[in-house]
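S.K.: Given the sequences, and given the hints that come with them, work out the whole structure.
Chains as they are written, first to last, in my numbering: chain A, 1 to 380; chain B, 1 to 238; chain C, 1 to 290.
Quick caveat, the hints were computed from the structure, so don't treat them as lab data. Do not take every clue at face value.
[Unchecked claim] With a straight-line Cα cutoff of 25 Å, these simulated DMTMM-like cross-link-like pairs (lysine to aspartate or glutamate) come out:
(1) A:Lys371 - A:Glu215
(2) A:Lys220 - C:Asp68
(3) A:Lys152 - B:Glu34
(4) A:Lys371 - C:Glu261
(5) A:Lys371 - C:Asp68
(6) A:Lys371 - C:Asp60
(7) A:Lys158 - A:Glu317
(8) A:Lys220 - A:Asp284
(9) A:Lys371 - C:Asp260
(10) A:Lys152 - C:Asp60
(11) A:Lys213 - C:Asp68
(12) A:Lys28 - A:Asp89
(13) A:Lys220 - A:Asp162
(14) B:Lys49 - A:Asp149
(15) A:Lys213 - A:Glu235
(16) A:Lys342 - A:Glu235
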Amino acid sequence: MFNRREFILTAATVPVVAASRAFAQDRKVLQVYTDGDTNISDWWNNVIKPAFEAAHPDLTFNLTITRGVADGNTTIGQRVMAAMQSNTDPQADYFEEFDPADVEGSIEAGLWTTIDTSNVPNLAMINPAATDLPVRLPYRGSQVLIAYDSAKVAEAPKTFADILAFAKANPGRFTYGRPDKGGSGSNFVIRAIHEANGRDPAAFTRENFDPAKAEEMLQKAWAVLQDLHPHTFGEGTYPAGNTPALQLLAQGAVDMIPAWSDQALQAINQGVLPDTVKVVQLQDLALCGGFAYSAIPSNATDHAGAMTLANFMLSPEMQVSCVREIGGFPGIGWEHLPPELKAEYIDVIPVSIPTFPSGDWQTAKNDGWYKNVATNLTRD
Amino acid sequence: MTARPPIAGMLIALTMVLVILGPILTVMIWAFAEQWRYPNLLPTDWGLKFWYQMLGRETVITPILTSLAITSISTTLVAVICWPAAYAFARLSFPGRQLLLFSFLAINAVPKFTLFVAIATVFLQIGLIGTFWGVVIVQMLSAMLFMIWIPTAAFRGIPPALEEAAFDLGASRLRVFLQVTMPQALPALAASYVLGFVTILLRWNRPCWLARPRSRRCRFCCCSFPRSLSSSRRPSCA
Amino acid sequence: MPADGIAAASAPGRNSAPYEGLRGLLLVAAPIALVILLVILPTSAMVLGSFRVGDGFGADRYLAFFADAYSMANLRYTVFWTLASTVSALALSFGLALYLRFSTGRLAAIVHALSLFPLFVPAIIISYALVRFLGPNGLFQLLLEQVGITGYRTPYLTPIGPYIAFIWESLPLPVLVLTAGLTQVSDSAIEAARDLGAGAGRIVAEILLPQLQRPLIIAFALVFLGTIGSYTIPYLLGPPAPEMMGVYIARTMGNLQRPDEAAVQAVILLAIASVVGLIYIATMARAGRQ
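M.R.: If you want it as C-alpha cells, here you go:
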C-alpha cells in the first residue's frame with residue numbers, strides 16, 4: 001500500500017552536521033527558522049536543502065531549529081519585529097511554520113510579505129482549501145488517519161460507523177487521545193461532531209459560532225461518543241496525547257487508533273509500530289487535518305532569495321517530496337502532481353482535507369468533551 | 001531488634017530494588033531496544049538506532065548545554081545570596097529574624113502551579129517572559145529553601161565556643177569566618193549546593209511553561225518524551 | 001533537614017558587635033526580596049484579581065466554581081488522592097526509617113540509597129517509566145506472566161497510576177525527615193523498655209511515635225504540598241476525568257483560554273494548601289522555640 005522508503009530511517013541516522021558547516025562563499029545563505037517536529041527538520045536538512053542547492057547554485061540556507069527554545073518561532077518573530085522598528089538586520093529570511101498573528105500588531109505594521117502570484121508564481125497552483133491570510137503561505141498539510149493492526153483487525157474500517165462497530169465488537173481494543181492534548185484525538189472528536197451533524201464540515205465556520213446552537217449540535221456528538229465510551233480501552237480512560245495513543249498501539253494494548261499521518265508512517269518505518277500496522281482514511285468523510293503556513297518578513301535580509309525558496313517549496317518536485325517523505329498532504333492541487341502519486345496514496349489521502357474552525361468551536365468542543373464524555377458524572 | 005535476622009532486610013532491599021529501580025530499569029532497556037513486542041520478556045531487537053538518531057541532531061547538544069548553564073548560574077546565584085543570609089540567620093540577631101526565616105516556607109506552601117501562573121503574569125508585564133534571565137530567576141526559587149535551611153542548620157551546629165576562642169586570640173571576624181566557620185560548614189554547604197543543583201536541573205519543565213504562556217501552539221510539547229515516539233507539533237494542534 | 005534547622009534555632013546569636021541588627025537585615029535582604037517579589041506579591045495580586053468583578057469586587061466567580069459539579073468533582077478528587085498518597089508515602093517511609101534506625105551494614109546502606117534515589121529522577125521520566133513498567137503489556141505484566149499470574153489490570157490511566165507515582169516520587173523527603181527524627185530517640189530508652197518486657201509494637205506505639213509527632217507533621221506537610229499542585233504525573237498517568245486541580249488549571253488557562261477562571265481555581269487550591277502550610281509553619285515554630 002505504501003512506498004515505505006527507507007529514506008526517513010537512513011536520513012535520521014546520518015548525523016546532521018551540514019547545517020552548521022561553513023558554506024562555499026559564492027552562495028548566499030538564507031536564514032530559515034523552524035519549530036516543527038523532528039521529522040520536519042530532518043526533511044528540510046536532508047532532502048530540501050540538497051534539492052534547493054542543486055536547483056539554485058547561488059543560494060543555500062541554514063536551518064535553525066527553535067523547537068523548545070524559548071517560545072520557538074514566535075520569539076524569532078518578535079526579534080524580527082524589533083529589528084524592523086530599529087531598522088537593523090533581522091538575520092531571518094524565512095519561517096518554515098509561523099502564524100504572524102502570534103506577534104501582536106506585526107501584520108498591521110506590514111512586517112510580513114503579502115504573497116501573491118507576482119512574487120510566488122507557483123501560488124497559482126495552490127489548493128483553494130488551503131488559502132488563508134495573504135501573508136501566510138500554505139505549503140504542507142497533515143491529516144489524521146485511522147491506524148490499525150491488520151494482524152488483529154480483519155477488515156479496514158471504511159466509515160465512522162465501522163469504527164463504532166469494531167469498538168463494540170472488540171471491547172477495549174480501540175481508543176483515541178484526549179481532544180485537548182493532541183490533534184489525533186481532537187480530530188476524531190471533530191469527526192464525531194461531523195458524523196452527528198450531517199457530515200458537513202462547511203456547517204462549522206469561525207464566524208457562525210452561537211452558544212445555543214453549538215450546544216445543540218455538540219450534544220448530538222456527545223451522545224455518539226458516550227455510546228462509544230464504555231467500549232474504549234480501559235472503559236473510557238483516554239490516553240493523554242498523540243504519542244501515548246501510539247504507544248498503546250505499539251504495545252499491542254489496542255488494535256485501532258486515530259493518528260497523524262506522518263507520525264504513524266514514521267513510526268512504522270522505524271519499526272516502532274509493527275509492520276502489520278496499516279493506516280487508512282475514512283471514505284464517507286475524511287478526518288480533519290490542517291495546513292502548515294510559512295511566512296516571510298518584509299525586511300528579510302535576503303528578501304529575493306526568500307521568495308525564491310517560497311516558490312521552490314510550492315514546486316511540484318518538493319510537493320511530491322512532502323507526500324513521499326513525511327507523509328504530508330500537498331499544499332498545491334492534486335491536478336498539478338503526477339497522477340501515479342495520487343493513485344498510490346489514494347487510500348490514505350483524500351481529495352480534500354476537511355478543517356474545523358479554531359477559536360470558540362474548539363473551546364466548546366474540548367470543554368464539552370470533558371464534561372460530557374470523559375467524566376462518568378453526567379451519563380445515565 | 002538489632003538481632004533481627006537479615007531475612008527481613010533482604011526482603012525490604014529486594015522490594016525496594018523492584019519498586020524503585022524497576023521502572024527506571026525498564027526505560028534503560030527500552031533505550032537500547034529497537035523492537036520490543038509483547039509478549040517477549042526482553043527486546044526482540046537490540047541496538048543503538050535511537051541513540052544515533054537523537055545524537056545525530058545537532059539540536060540535542062545545545063539544549064543540554066543551555067540547561068546546564070541555566071542550572072549552574074541559578075544555583076551559584078542562590079548560593080551567593082542565600083549562604084550569607086543563612087549565616088545571618090544562624091549567628092546574628094536582628095528584628096523579625098524568625099518571621100523572615102519562616103517566610104521562605106511560602107515558596108513551599110504555595111502550590112507550584114499556582115505560583116507559576118502568578119509569576120507568568122508578572123513576567124509578561126515586565127517583559128521577562130521567555131528570556132534567559134527570566135528562567136534563571138524562576139529557577140532560583142526552587143532551590144532557595146534547601147539553600148537557606150541546610151546552611152542555617154549547619155552554621156548553628158558549629159559550637160560558638162570555637163569561634164569565640166579564635167576571637168579571644170585576636171583574629172578578625174572575617175578571618176574567623178574563613179578559617180574557623182567555613183571549613184566546618186563546608187560539607188553542609190556543598191550538600192545544599194548539590195541538592196539545589198539537582199532540584200533546579202530536574203525542574204526544567206517549569207520554565208518551559210513560563211516560556212510560552214500565550215503561544216497558541218501545543219503548549220506542553222516540551223514535555224514530550226525524548227525517545228522513539230516523539231510528540232508532535234502540528235499546524236492544527238489544538 | 002528543615003527539621004534540623006529549626007531544632008537548632010535555639011543556638012544563641014553572638015551579641016557583641018554594634019549594628020548587628022542592621023547587618024543581619026542587609027545579609028538576608030536579597031533572598032527575602034526575591035521571595036516577596038516572586039512569591040508573595042504575585043500570589044497576593046492573583047488572589048485580589050480573582051475577586052474583581054467589573055469595576056468592583058465580588059465572589060461571583062467563586063460561587064460559579066462551587067456550583068459547578070464538574071469543578072467540585074475535580075476538587076474532591078484532588079484532595080482525596082493527595083491525602084491518600086501522602087498518608088501512604090508516610091506509612092512506607094516510617095517503616096523504612098524504622099528499619100534504617102535499627103539496622104547497620106551494607107544492606108541498610110543500599111536500602112537508604114534506594115529510598116533517596118527518586119530525588120534525582122524528574123517527574124516526567126518516572127511518569128514515562130511507569131507507563132512502560134506498569135502499563136498494559138509492560139515489563140511488570142511480563143514478569144507476572146513468567147510466573148504464571150495472568151489477568152493483570154494496569155493502573156495506567158486510572159487514579160491508581162498517579163497514586164503510585166506520587167508515592168514513588170515523594171518517598172525521599174519523609175524518609176530523610178523521619179530518619180533524622182528517629183536518631184534522636186536514644187538507644188537506652190528503647191533498651192529500658194525492652195528490659196521491662198515491651199514488645200516491638202509497644203515500643204513503636206509508646207516510645208517512637210510520640211517522639212516522632214513533629215517530624216511526622218512536617219513530613220506530611222512537605223509531601224502534601226508537593227503533591228496537591230502536581231501536573232505532569234496526573235496528566236500522563238491519570239484518567240481524563242476527574243482531573244487533579246493542577247491539570248485542570250493548566251487546561252482552563254491554556255486550552256480554554258479563560259485566565260479568570262484559572263485564577264479562581266488556583267486560589268482555591270492555594271487556600272487548601274495554606275491550611276496545611278499553616279500547620280507546617282506552626283509545627284516548625286513550636287520546634288524552634290524549644
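S.K.: Each of the hints needs a verdict: does it hold here or not?
M.R.: Hints, one by one, checked against the model:
1. Pair hint A:Lys371 plus A:Glu215 holds up; C-alpha atoms about 12 Å apart against a cutoff of 25 Å.
2. For a cut-off of 25 Å, the pair hint linking A:Lys220 to C:Asp68 stands: about 22 Å separates their Cα positions.
3. For a cut-off of 25 Å, the pair hint linking A:Lys152 to B:Glu34 stands: about 22 Å separates their Cα positions.
4. Simply put, A:Lys371 and C:Glu261 have alpha-carbon atoms about 16 Å apart, close enough for the 25 Å limit, and the pair holds.
5. A threshold of 25 Å between alpha carbons decides the hint, and for A:Lys371 with C:Asp68 the separation of about 10 Å falls inside it, so the pair holds.
6. This hinted pair checks out: A:Lys371 and C:Asp60 have alpha carbons roughly 21 Å apart, not beyond 25 Å.
7. Distance hint between A:Lys158 and A:Glu317 is unfulfilled; the C-alpha atoms sit about 31 Å from each other, more than 25 Å.
8. A threshold of 25 Å between alpha carbons decides the hint, and for A:Lys220 with A:Asp284 the separation of about 19 Å falls inside it, so the pair holds.
9. This hinted pair checks out: A:Lys371 and C:Asp260 have alpha carbons roughly 19 Å apart, not beyond 25 Å.
10. Pair hint A:Lys152 plus C:Asp60 does not hold up; C-alpha atoms about 53 Å apart against a cutoff of 25 Å.
11. In summary, the hint linking A:Lys213 to C:Asp68 is supported, as the alpha carbons are separated by about 22 Å, within the 25 Å threshold.
12. Taking the CA atoms of A:Lys28 and A:Asp89, the gap is about 15 Å. The hint holds against a cut of 25 Å.
13. At roughly 18 Å between alpha-carbon atoms, A:Lys220 and A:Asp162 fall within 25 Å of each other, so this suggested pair holds.
14. With a CA separation close to 24 Å, the supplied pair B:Lys49 and A:Asp149 stays within the 25 Å bound.
15. Note on A:Lys213 and A:Glu235: the hinted pairing is violated, with a Cα-Cα distance of about 30 Å set against a maximum of 25 Å.
16. As the CA atoms of A:Lys342 and A:Glu235 are separated by approximately 39 Å, the hinted pair breaks the 25 Å bound.
The structure does not agree with the numbered hints 7, 10, 15, 16 stated previously, though it agrees with the rest.
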